[in-house]
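Undergrad: Hey, can you work out the whole structure from these sequences and the hints?
Numbers 974 to 1083, taken from our numbering, label the letters of the sequence shown in order.
Think of the hints as simulated: they come from the structure by calculation, not from any bench. Any given hint could be a false lead.
As the list claims (entries may be wrong) - Computed spacing ranges between beta-carbons, pair by pair:
| hint | residue 1 | residue 2 | range |
| --- | --- | --- | --- |
| 1 | Thr1047 | Cys1024 | 28 to 34 angstroms |
| 2 | Phe1021 | Met1053 | 41 to 47 angstroms |
| 3 | Tyr1022 | Ser1042 | 48 to 54 angstroms |
| 4 | Ile1027 | Arg989 | 50 to 56 angstroms |
| 5 | Phe1004 | Trp1048 | 25 to 31 angstroms |
| 6 | Ile1036 | Lys986 | 56 to 62 angstroms |
| 7 | Gly996 | Phe1034 | 48 to 54 angstroms |
| 8 | Trp1051 | Thr997 | 38 to 44 angstroms |
Just so we're clear, the structure is a prediction, and the values are computed from it rather than from any experiment. Note that CB positions come from ideal geometry on N, CA and C, so glycine has one too.
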Amino acid sequence: MYTEEKFKMATPKTYRNQALFTGTSTVFILFYFFNPWTLKSFMNAKVFYECFSIFSIVELFGIPILLVSLSFYTWIYWRMSKVKPDYDGDEPYLVIYGGEESSTKMIIIE
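TA: Structure (structure tokens):
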């Protein structure tokens, strides 16, 4: 049934590795399952899933409303960027350049 080759693989090093693996697994299991913070979170898991269902319903309605409103604002800003000025390149008001004989310049100088 068992061959000698299989027993040759069982050396002290493999036993040591197996013991280390078993020991670390046991310590991890003890810390994970019997940790007070973990136990508290397991107790609060029911409350979490109740809140999660409420928030998922809020997100179900809230995200589409947010997307529609943001797309509307984006469309408005895009249209505003395409608006051309009311005048055809001419100044909408009269600019008076003060030459040497300008009445305003003569008043300021005197």
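Undergrad: Are the hints correct? Go through all of them and say.
TA: Checked hints:
Checked against the hint of 28 to 34 angstroms, the C-beta distance between Thr1047 and Cys1024 comes to roughly 32 angstroms, which is consistent with it. Taken as a hint, the range 41 to 47 angstroms holds for the pair Phe1021 and Met1053, whose Cβ atoms sit roughly 45 angstroms apart. Taking the beta carbon of each, Tyr1022 and Ser1042 are about 30 angstroms apart, not inside 48 to 54 angstroms as hinted. In this structure the hint that Ile1027 and Arg989 lie 50 to 56 angstroms apart at CB holds, the actual value being about 52 angstroms.
Here the CB-CB span from Phe1004 to Trp1048 is close to 55 angstroms, at odds with the stated 25 to 31 angstroms. Separated by about 57 angstroms at the C-beta atoms, Ile1036 and Lys986 satisfy the suggested range of 56 to 62 angstroms. Evaluation of the 48 to 54 angstroms hint for Gly996 and Phe1034 yields a pass: the beta carbon distance comes to about 52 angstroms. Separated by about 60 angstroms at the C-beta atoms, Trp1051 and Thr997 break the suggested range of 38 to 44 angstroms.
Taken one by one, the earlier hints fail for this structure at numbers 3, 5, 8, listed in ascending order.
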